[in-house]
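**Q** For the protein sequence lines, the chains are A and B, in the order given.
Counting with numbering that gives the first Met the number 0, you get residues 0 to 469 for the letters of the first sequence.
Counting with numbering that gives the first Met the number 0, you get residues 0 to 190 for the letters of the second sequence.
The reader is advised that the hints may include incorrect statements.
Claimed, not checked - Ranges of calculated distance between the beta carbons of each label pair, as one might list FRET restraints:
{"#": "1", "chain 1": "A", "residue 1": "R322", "chain 2": "B", "residue 2": "A190", "range": "51 to 61 Å"}
{"#": "2", "chain 1": "A", "residue 1": "G423", "chain 2": "B", "residue 2": "Q179", "range": "27 to 37 Å"}
{"#": "3", "chain 1": "A", "residue 1": "G423", "chain 2": "B", "residue 2": "G63", "range": "24 to 34 Å"}
{"#": "4", "chain 1": "A", "residue 1": "R322", "chain 2": "B", "residue 2": "V163", "range": "54 to 64 Å"}
{"#": "5", "chain 1": "A", "residue 1": "E264", "chain 2": "B", "residue 2": "A190", "range": "51 to 61 Å"}
{"#": "6", "chain 1": "A", "residue 1": "N110", "chain 2": "B", "residue 2": "Q179", "range": "28 to 38 Å"}
{"#": "7", "chain 1": "A", "residue 1": "D309", "chain 2": "B", "residue 2": "F57", "range": "51 to 61 Å"}
{"#": "8", "chain 1": "B", "residue 1": "Q65", "chain 2": "A", "residue 2": "R272", "range": "51 to 61 Å"}
{"#": "9", "chain 1": "B", "residue 1": "G63", "chain 2": "A", "residue 2": "S179", "range": "51 to 61 Å"}
{"#": "10", "chain 1": "A", "residue 1": "D107", "chain 2": "B", "residue 2": "E39", "range": "30 to 40 Å"}
To be verified - To spell it out: a stretch of chain A is covered by chain B in this simulated footprint if at least three of its residues, at any positions, have a beta carbon under 8 Å from a beta carbon of chain B; those stretches are:
{"#": "11", "segment": "99-109"}
{"#": "12", "segment": "119-125"}
{"#": "13", "segment": "338-346"}
{"#": "14", "segment": "393-403"}
What the hints assert, rightly or not - Simulated crosslink set (BS3-like; lysine-lysine; CA at most 25 Å straight-line):
{"#": "15", "chain 1": "A", "residue 1": "K323", "chain 2": "B", "residue 2": "K52"}
{"#": "16", "chain 1": "B", "residue 1": "K178", "chain 2": "A", "residue 2": "K16"}
{"#": "17", "chain 1": "A", "residue 1": "K12", "chain 2": "A", "residue 2": "K268"}
{"#": "18", "chain 1": "A", "residue 1": "K323", "chain 2": "A", "residue 2": "K16"}
{"#": "19", "chain 1": "A", "residue 1": "K12", "chain 2": "B", "residue 2": "K4"}
{"#": "20", "chain 1": "B", "residue 1": "K178", "chain 2": "A", "residue 2": "K323"}
{"#": "21", "chain 1": "A", "residue 1": "K172", "chain 2": "A", "residue 2": "K16"}
{"#": "22", "chain 1": "B", "residue 1": "K122", "chain 2": "A", "residue 2": "K198"}
{"#": "23", "chain 1": "A", "residue 1": "K172", "chain 2": "B", "residue 2": "K52"}
These are computed hints drawn from the structure, not numbers from a lab.
Think of the CB as a built atom: it goes at the ideal place given N, C-alpha and C, for glycine as much as any other residue.
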Amino acid sequence: MKAGNKPRTLFEKVWDKHLVVPETAEVPAVLYIDLHLIHEVTSPQAFSVLRRAGLRIRRPDLTLATTDHSIPTIRDIAAERSTAALAAARQVSALQDNCKEFGIELYDVGNERQGIVHVIGPELGATQPGKTVVCGDSHTSTHGAFGALAFGIGTTEVGHVLATQCLLQRRPKTMAISTSGRLAAGVSAKDLILAIIGKIGVGGGTGFVLEYRGDAVSALSMEARMTVCNMSIEAGARAGMIAPDDTTFDYLAGRPMAPSGKQWERSLKNWRRLVSDQDARYDREFSLDVSSLAPMITYGTNPGMVMPIDGSVPLLNGDPALRKALDYMRLSPGERLLDKRVDVVFLGSCTNGRLSDLREAAAVMRGQRLADGVRMLAVPGSQAVKKAAEAEGLDKVFIEAGAEWREAGCSMCIAMNGDQVGEGQYAVSTSNRNFEGRQGPGSRTFLASPVTAAAAALTGRVTDPRRLVS
Amino acid sequence: MQSIKTIRSRTVVLPYADVDTDQIIPARFLTTTSREGLGEHAFSDWRFDAEGKSRSEFVLNQPGAQGCQVLVAGHNFGCGSSREHAPWALLDFGFRAIISTEIADIFRSNALKNGLLPVVVDKDTHLWLLDNPGVEVEIDLQQTTLKLPNGARVGFPVDAFARVCLLKGVDAMGYLLSKQDEIVNFERVRA
Ligand code: SF4
């Protein structure tokens, strides 16, 4: 902090550095965007607007595209003739045409770097501390794990960024979430963020950028930090951020798009300043000791309807949304979820589709078989994750257990690509949304961590993973 | 985008809190490359059963909902996915304004950019509207007030810039493009 300057939070430092035009009462700020990620589902209409207006793309070099949401995750896509696959194929070819016409780098199916947009940005080293990152996708908050200011935008705004590399934004408020203690065995970053959402609620973060800080967060790996920041949007927050540190720098070193040589040294110096100043003020603060956290599981139809895995579903207390949720889930107030029958297990998504997630699940499942009647999909978040997992034999663990080992993509997280949970079926899913129908019409989702998902796969029941991990 | 000055309509009430954009437009309808015609899929899984038959008990399928342009929704409406297909679908379905005590961030931003007006009111006004479905209200964007049937006017916040865009029926792209010099300069200074 420079003498005389007001202490600033991490968010404020990144925000201030990207102001092209500051905000006034009349107009929002013009904010510069360093990295624009696009995918097939939320971009076609933006390109149409550009084309109609005769606009160019200002910085194709700051734009990266991938296909992830609507692509099937089976190997032989060309042979797939379902309606979902045909519609997806049209979207994908629109993205291919758009990228070609406007000179945007596309990590398409078949490319060894293809994958879920929030998995490949960090993998490529394109996501970096202090950057502003946007994507037409709410889980862009994932990239905040690197100390970037990263948030989801709509398709109109995708058009704005394509044309001007800028967005009109009002400055959000800040909330510090200070963590202490250590996560117990069998309890992971997913449980931590689910517990936080349970505390502040699905709308509790609206209008805020969350900064996760404190010992418990510093102790997390980059992948675990991404899991935490990923679900910031499920608390309604604009973004989630974690100050970069040596864990961050170690992760980025040597990645294809990360700076190297002298430039790396210079970047490192700047990145080290990206911490909230000692006396920086947040608009809201709350603290959490993570030591006593249990594995968490959702019982309802939004991620805030969550409880410790050995808890019981709350009583209605006249809450119409909860009544509707429990009707949909076919659960009763006061019911326990432990030992509840499970039909499907989904391991994957931008929340928990990284190598460490697959490793944790595989460690529980090694040498064992899925319970009778359980279907399990293990879907790596990217082709790079897939390759790395196969190099250590994780694919075999899943396949020998009887699970399906798939190509990289969003898969059952969004169920618009042929992968879905059947009507009325219960799924334990490592993704981020248990909304009605999210995993397929009539699907009923319990969100949980990779180890909890693996435990359910083996027993065919909701199972406390602490029984299986040491 | 159509400009908005006043919206006069009966209300239809969807009382649940935290209605997410996956309900407003399920993901399987997002394989389109156009923004037209999404209204037929708005609230698809709440309006239709698995066989595609209309669920008569659902409020939007009831005769009273016909022609209503104002949706009174529960707290934190539009949470979840950033899909702009949600406001596209609601507009195409016939809605022009959403009244709630809180409207989720990205949905609100998307709605404003398409001429769907988010109206955030106090708890008491909201409760009254939830309890009295079908009343006639008038939303005046010039004055940023909501007029209730008893003649009372309740103010609501709208970002000053978004309000001007809505009144004129223009997108913010023009404004951003007019900042070209500042953007060029910003890039130069940083490089
Ligand atoms: S994995 Fe799921 S949440 Fe993540 S980007 Fe894909 S669809 Fe969205």
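**Q** Confirm or reject each hint.
**A** Here is how each hint holds up against the structure:
1. Between R322(A) and A190(B) the CB atoms are about 57 Å apart, so this pair conforms to the stated range of 51 to 61 Å.
2. Checked against the hint of 27 to 37 Å, the pair G423(A) and Q179(B) fails, with Cβ atoms roughly 55 Å apart.
3. Our hint of 24 to 34 Å for G423(A) and G63(B) holds, since their Cβ atoms are close to 31 Å apart.
4. At roughly 42 Å, the beta carbons of R322(A) and V163(B) sit outside the given window of 54 to 64 Å.
5. Distance hint check for E264(A) and A190(B): the Cβ-Cβ separation is about 19 Å, which falls outside the suggested range of 51 to 61 Å.
6. Look at N110(A) against Q179(B): about 34 Å separates their beta carbons, and that is inside 28 to 38 Å.
7. Hint check: D309(A) to F57(B), Cβ distance near 36 Å, so the stated range 51 to 61 Å is violated.
8. For Q65(B) and R272(A), the hinted distance range of 51 to 61 Å is satisfied, since their beta carbons lie about 59 Å from each other.
9. Distance hint check for G63(B) and S179(A): the Cβ-Cβ separation is about 53 Å, which falls inside the suggested range of 51 to 61 Å.
10. The given range of 30 to 40 Å is respected by D107(A) and E39(B), whose C-beta atoms sit roughly 31 Å from each other.
11. Counting residues of the segment 99-109 of chain A whose CB lies closer than 8 Å to any CB of chain B gives 0, so the stated coverage by that chain is violated, three being the minimum.
12. For the segment 119-125 of chain A, the assignment as covered by chain B is violated, since 0 residues bring a beta-carbon within under 8 Å of that chain's beta-carbons and 3 are needed.
13. Using a Cβ-Cβ cut-off of 8 Å, 0 residues of the segment 338-346 of chain A lie near chain B, which falls short of the minimum of three, so the contact claim is violated.
14. With 0 residues having a Cβ less than 8 Å from any Cβ of chain B, the segment 393-403 of chain A misses the three-residue criterion, and the hint is violated.
15. Restraint check: the Cα-Cα separation between K323(A) and K52(B) comes to about 20 Å, which is no more than 25 Å; the hinted pair holds.
16. The straight-line distance between the Cα atoms of K178(B) and K16(A) is roughly 17 Å, inside the 25 Å bound, and the hint therefore holds.
17. Our distance criterion of 25 Å between C-alpha atoms is met by K12(A) and K268(A), whose separation comes to about 15 Å.
18. As the CA atoms of K323(A) and K16(A) are separated by approximately 45 Å, the hinted pair breaks the 25 Å bound.
19. A hinted pair counts as satisfied when its Cα atoms are at most 25 Å apart, and K12(A) with K4(B) does not qualify at roughly 39 Å.
20. Of the supplied pair hints, the one linking K178(B) and K323(A) is violated, its CA atoms being roughly 48 Å apart against a limit of 25 Å.
21. Of the supplied pair hints, the one linking K172(A) and K16(A) holds, its CA atoms being roughly 17 Å apart against a limit of 25 Å.
22. Under the criterion of a C-alpha separation no larger than 25 Å, the hint pairing K122(B) with K198(A) is consistent with the structure, at around 22 Å.
23. Simply put, K172(A) and K52(B) have alpha-carbon atoms about 45 Å apart, too far for the 25 Å limit, and the pair is violated.
Hint compliance for this structure: hints 2, 4, 5, 7, 11, 12, 13, 14, 18, 19, 20, 23 are broken, all remaining hints hold.
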